[in-house]
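Each chain, letter by letter, is given below.
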Amino acid sequence: MIRIEQLNFAVGQFALSDVELHVRPGEYFVLLGPTGSGKTLLLECICGLNRIDSGRIFIDDIDVTRLEPRNRRLGYVPQDYALFPHKTVRGNIGFGLRLRELSKNNWVAGGRAEGDAPATPGHRFALPRPPNTIHHDKSQRIDELMEMVGVTHLADRTPQRLSGGEQQRVALARALAVEPRVLLLDEPVSALDEQTREELCRGLKRLQQNTHATVVHVCHNFAEMLSVADRVGIIDRGRIIQVGAPSEIINRPVNTQVARFTQAGNLIPAGAGPGGDRLRLVCPGGIELPAEKISVPSCLGKTIAAVTAMVRPEHIRLAVDAPKDVPPGTTILSGTISSVTDFGPTVKLGVVCGELELFVSLGKREYNERSVGVRDHVHLAIASEDVHVMMS
Amino acid sequence: MFTEPRSTTPVVGLHGRLFAASMLAFVGLFVVGLAALVIADVAYVVTDVGPANLGDFAAVLFSAEIRAALWLSIWTSTVTVIIGLIFAVPMGYALSRYRFPGRAVVDSIVDLPIILPPLVVGLSLLVFFQTDAGRWIEAAGLKFVFQTKGIILCQLLVSASFGIRAVKLTFDGIDPRIEQVAMTLGCTHPGAFFRVALPMARRGIIVGGILIWTRALGIFGPLMVFVGAVRMRTEVLPTTIYLEQSIGRIEVALAVAILMLLLAAAALVTIRMVGLGER
Chain A
1 MIRIEQLNFA
11 VGQFALSDVE
21 LHVRPGEYFV
31 LLGPTGSGKT
41 LLLECICGLN
51 RIDSGRIFID
61 DIDVTRLEPR
71 NRRLGYVPQD
81 YALFPHKTVR
91 GNIGFGLRLR
101 ELSKNNWVAG
111 GRAEGDAPAT
121 PGHRFALPRP
131 PNTIHHDKSQ
141 RIDELMEMVG
151 VTHLADRTPQ
161 RLSGGEQQRV
171 ALARALAVEP
181 RVLLLDEPVS
191 ALDEQTREEL
201 CRGLKRLQQN
211 THATVVHVCH
221 NFAEMLSVAD
231 RVGIIDRGRI
241 IQVGAPSEII
251 NRPVNTQVAR
261 FTQAGNLIPA
271 GAGPGGDRLR
281 LVCPGGIELP
291 AEKISVPSCL
301 GKTIAAVTAM
311 VRPEHIRLAV
321 DAPKDVPPGT
331 TILSGTISSV
341 TDFGPTVKLG
351 VVCGELELFV
361 SLGKREYNER
371 SVGVRDHVHL
381 AIASEDVHVM
391 MS
Chain B
1 MFTEPRSTTP
11 VVGLHGRLFA
21 ASMLAFVGLF
31 VVGLAALVIA
41 DVAYVVTDVG
51 PANLGDFAAV
61 LFSAEIRAAL
71 WLSIWTSTVT
81 VIIGLIFAVP
91 MGYALSRYRF
101 PGRAVVDSIV
111 DLPIILPPLV
121 VGLSLLVFFQ
131 TDAGRWIEAA
141 GLKFVFQTKG
151 IILCQLLVSA
161 SFGIRAVKLT
171 FDGIDPRIEQ
181 VAMTLGCTHP
191 GAFFRVALPM
201 ARRGIIVGGI
211 LIWTRALGIF
221 GPLMVFVGAV
231 RMRTEVLPTT
241 IYLEQSIGRI
251 EVALAVAILM
261 LLLAAAALVT
271 IRMVGLGER
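Protein sequences appear in the order of chains A and B. If you count the first sequence from 1, position 210 lands on 210 in the working numbering, and the numbers rise without skipping. If you count the second sequence from 1, position 276 lands on 276 in the working numbering, and the numbers rise without skipping.
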């Protein structure tokens, strides 16, 4: 759907460098990165709002690199929504529709004629509608869009009189009105309170699932990404560092940067060396951890190398009594609880094992069943398949 | 949900009250000073004319000369506003949106007429129309020196900068992102300007127009040099004030001044209402 090849774009001291990205038709793709990583800039490049220095951008296999924004047929929702303050909700949503009526030819970019049925899922955002009503009138279409995002009762209000969540929904409807091939959302919910954020994320995901549309959603919030993404691309300092399904990013980050971003919790510097059919990791204080060979770059496993081992807090099992049957490839560490932080549904425990402090995440019920607290002595079980190794 | 914004005041003690009072005292001093001037003018006119001579005074005040001057002032200032805004809107937009080499210099040049004594503009114009280029323009049929068209030229050069500045500030306050979104929705760049930026800048443009109008209405120095003070021909209200006081009719000069004051005050109140959105 969107294919970016070798994109380079510099502005001042900052540059997007050699960006390669492929967003598949009908997927909800999240571009995740810290503030200032270049994600908004990349989105603007896709929209045609920044003329790129080199590289190519394809949408639906059509090279749009040199096309004006209006001919790319994208739905763009910027971070601050940028609603037209001099127009009502209805006027905002109808803005693109009116332009389409004025110049239909502008919308035939790439030789695809107006009114063509979507060839594949994810081709464009079209509202479900009965056959033979393709050419229904503009105000009916605005009504449909307002109903879809739930702003019908606000039709005659100006944007200044809308809450953040309402503005977001109007901006979304305005972008959808032109039946874009891809919907580009720049931090669509970051300015909203947590409850509204969750609610709107669910709404966005539902909308995408119902329409089988392609969405690129930019955000810096890990939880927000998890709530919507089919696939995710991690961007940092103008480079895409990793692309994959959320589970892949979480469990197999390519480097410590990605691991930190996915709230890996336990990142342990270690020396790696061969250890039979597994890899042997020696952590600070001489603590040894096993790791699957498959989880490390192929250059390892032969010589000793400095690596970082990642064990996610939710993968560590905690027991009060020493476990009796230890499966092969599992390490048991004993330690003392140093901290307990209650996050509501989960509880995070800090456990000091010699020179290491490991974090363990437990479900609330699980935690209550263990009935442990600070300074209690506990045992931690870490399986080799849960230890992920990255080059330091 | 959205709530109407309201002004808030923090809890303040004696220091805070004294501070506010001293700040407001300066406002009061300045306003009282200006009001005293106006009151003195009105009082002078009233006492000097006296009830017995009111008829004669009115006859002078509404004489053909002064009516002609009033009308000339109004229509030249209005034409200046139209021409001024034709320049101010594209210039304000360009200076706000585009980055080009020497932009800071251009920006300063645009502001020059605000700082320059208006008399210099008249003198410069007179000198310019003595040059080959100037003579060529006059030979082509566009005569400015000692002509009504010259009034408009003087007014434009002296007052356009105020309009350009006001319009630029308005465009500065409009997020370019809004135009960009319009472009993704099917607008060309000019389309986004006419359909989004221009309607959003409406208030600023009106304010700019009124600033040009009030400034144009009040200029005098450059007119004396460039178009002269010919009764019924190049006489605008400020010229009338000068001519009347030069023949000793101070009360008529002051009455015209009060008329100008009322016109300017009406314009400034309109700016406040339009610019600040007060109803």
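None of these hints come from the bench; they were simulated from the model. Where hints are given, some of them may not hold.
Across the chosen pairs, the derived CB separations fall in these ranges [said to hold, decoys possible]:
hint	chain 1	residue 1	chain 2	residue 2	range
1	A	54	B	134	33 to 43 Å
2	B	99	A	8	16 to 26 Å
3	B	99	A	58	22 to 32 Å
If the Cβ cut is set under 7 Å, some of the chain A residues that face chain B in the computed set are [unchecked claim]:
hint	residue
4	95
5	99
6	178
Short derived list, chain A residues pointing at chain B, Cβ under 10 Å [to be verified]:
hint	residue
7	73
8	175
9	317
10	319
This one's a predicted model, so the numbers in the text were calculated from it and none came from an experiment. By construction, the Cβ of each residue, glycine as well, lies at the ideal position given by its N, Cα and C atoms.
Can you list which hints this structure breaks, lowest number first?
1, 9 and 10
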